[in-house]
Amino acid sequence: MYVAVKGGEAAIANAHKMLADRRRGDRSVPAITVEQLVEQLALGVDRVMAEASLYAPELAALAVKQARGDMIEAIFLLRAYRTTLPRFGASRPVETGEMIAERRISATYKDLPGGQVLGPTFDYTHRLLDPELAGDGEVPPAPARESEGEPLTRVADILAHEDLIERSAAGPQDEPFPEEPSGDLTREPLEFPMARDLRLQALARGDEGFLLALGYSTQRGYGRTHPFAGEIRMGEVEVEMDVPELGFSVALGAVKVTECQMVNQFAGSAKVPPQFTRGYGLVFGQSERKAMSMALVDRSLRAGELGEDRVAPAQDEEFVISHSDNVQATGFVEHLKLPHYVDFQAELDLVRRMRGEFEEKAKGSDTAKQEAAE
Amino acid sequence: MTVMTGDIATYNFAYLDEQTKRMIRRAILKAIAIPGYQVPFASREMPMPYGWGTGGVQVTASIIGPDDTLKVIDQGADDTTNAVSIRAFFQKVANVAVTTHTRDATIIQTRHRIPEEPLTEGQVLVYQVPIPEPLRFLEPRETETRKMHALEEYGLMHVKLYEDIARHGHIATTYAYPVLVADRYVMDPSPTPKFDNPKMDMSPALQLFGAGREKRIYAIPPYTRVVSLDFEDHPFEIQSFEEPCALCAAEGVYLDEVILDDHGGRMFVCSDTDHCEERLAQGHKGRLAAEDAYAAKEPAQ
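In order, the protein sequence lines correspond to chains A and B.
Just so you know, my numbering puts 284 at position 284 of the first sequence, and the rest follows in order with no gaps.
Just so you know, my numbering puts 226 at position 226 of the second sequence, and the rest follows in order with no gaps.
Just so you know, not all the hints are guaranteed correct.
What the hints assert, rightly or not - Below, simulated BS3-like cross-link-like pairs (lysine-lysine); rule was C-alpha separation at most 30 Å, straight line:
1) A:Lys361 x B:Lys30
2) A:Lys17 x B:Lys92
3) A:Lys337 x B:Lys160
4) B:Lys147 x B:Lys160
5) B:Lys147 x B:Lys21
6) B:Lys30 x A:Lys65
7) A:Lys337 x B:Lys147
8) B:Lys285 x B:Lys147
Hints in this document: simulated from the structure, not taken from any laboratory.
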């Protein structure tokens with residue numbers, strides 16, 4: 001039997017052996033360890049955790065190693081593992097107001113209770129390659145100051161005192177958290193229009209590059225939202241879970257998150273008085289770019305709810321949410337590699353037939369022209 | 001349920017946990033109850049990429065039992081890479097019997113083809129579906145297309161087919177050709193060539209369609225009327241081939257065009273490899289069977 005593009009099990013197995021070989025690279029170079037990745041490529045590990053929706057630094061680092069540094073492949077690996085994990089229940093909403101912040105800045109106030117805390121940021125570094133990093137030079141420990149131990153008031157809460165900004169759906173100053181746990185689009189089928197909790201979940205696990213581009217587009221006039229970075233904070237928050245048998249909540253551990261509260265101008269509408277509105281971003285790990293992009297896109301997607309015209313891509317929920325998942329996107333784009341020759345055969349047949357008809361018609365009109373000339 | 005134990009991880013029989021299978025079975029039952037209707041389901045992330053058969057794999061994983069015999073085809077062939085990969089997956093996680101013979105299979109998972117041999121009662125054909133919505137390329141919004149299905153508003157599709165005729169002289173859809181199921185829902189048969197459409201009509205087998213990335217399941221129950229959309233003066237017709245299979249001399253089957261050299265030399269062979277091999281075993285011989293075919297064969301794999 002003639003089988004041109006039909007590969008056997010042996011071919012697949014050999015391809016995978018070759019992949020393993022190339023992944024390891026030159027054997028005289030020491031293999032990279034998972035600990036090294038967690039410690040020294042932490043932001044890459046954070047991105048994998050954020051977009052895989054699983055907080056597990058070691059597993060994310062393993063995925064990065066296995067994926068040879070291909071981030072989307074690593075995200076895919078971690079998600080495929082996450083999907084097999086049983087669900088014990090839902091945690092209580094994390095209280096970012098009680099975060100032990102490593103970094104906290106506000107662009108809307110010069111100074112505020114707790115102050116501006118720059119923390120470990122690339123901001124204001126000069127992007128000059130550092131030749132010393134090519135080696136393994138000594139790095140002095142960072143200077144540290146005694147923490148005042150006081151939680152940092154959230155900027156959005158300061159504004160909320162004057163009702164200058166809309167209240168969040170559920171916050172410490174409002175009614176208690178709703179009994180219903182928020183939705184989970186990895187367990188329930190996606191349906192449009194979405195509730196904001198599901199939309200935020202989709203954005204939180206959405207592709208950083210895609211959200212960055214969409215957020216950027218709103219700044220360039222495609223659905224402008226007049227944003228101010230009210231506050232960005234990054235640090236560890238406690239995760240607690242209610243245990244009905246015990247009657248109180250139990251701390252499960254801490255996760256590092258980055259939160260961004262965008263404060264957006266809003267002229268008000270028939271229903272709502274003029275006040276600032278919010279765009280919200282929250283992601284695992286340290287990623288301001290993602291948290292800020294998410295906040296911009298979240299605010300844009302609220303166009304309908306706030307009575308704004310929906311004219312730009314970033315305001316279009318179906319467009320944004322249907323295409324923000326990079327594991328889905330990469331799978332479907334790359335599936336074009338799979339054989340399609342049955343369909344292609346059908347198209348070949350049609351094109352040949354249509355070309356035949358075209359040539360016949362051309363011949364016919366040629367004869368007609370000749371006859372007319374004669 | 002049987003549990004497969006590995007060194008580090010434990011997976012349930014057929015990979016999915018029983019809760020998930022129950023959820024998918026409920027979606028399947030609903031799909032069977034409303035033939036051609038796309039049922040949303042909470043598609044899981046699978047250990048293969050979206051767009052590579054995750055919907056079909058989830059459907060198969062939810063209906064397969066230890067006594068089943070599975071056949072997996074892609075482009076009609078049992079030995080294409082993705083078919084090999086999916087078959088190996090189920091051998092690993094469900095340890096079921098597998099076959100390449102259409103007749104012996106209880107479940108056939110397919111991408112892009114329906115086997116040439118007529119299916120029988122009790123068999124299940126599971127299709128891998130990339131885009132379940134037949135109206136998607138006419139209306140990109142899910143909120144709109146769901147409304148159109150609910151109102152049985154299929155004028156747009158007929159206009160599209162009419163425009164094809166006006167522009168090209170005939171309907172220019174050759175695969176994923178839309179069908180009307182049980183006189184109610186317009187359905188995408190997945191990207192099978194329209195050659196296969198008549199096989200769906202009144203089939204004794206149960207046909208299930210799984211779209212993992214788009215999170216939809218739909219079904220055609222056995223003995224259901226499936227009509228390819230057309231016009232009275234432009235009736236639906238299937239592809240026909242001018243020559244028979246070069247290996248087994250079969251006629252009235254779907255053929256793949258195989259390029260033999262760079263001077264335009266080519267041969268046509270059965271797309272359904274099982275059907276072709278069976279005919280060869282029965283002694284049918286095409287133009288290039290035996291010696292010639294072996295001359296053209298690539299080095300042993």
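Legend entry - Hints that the structure is at odds with (numbers, increasing): Per hint list: 1, 6, 7 and 8 violated.
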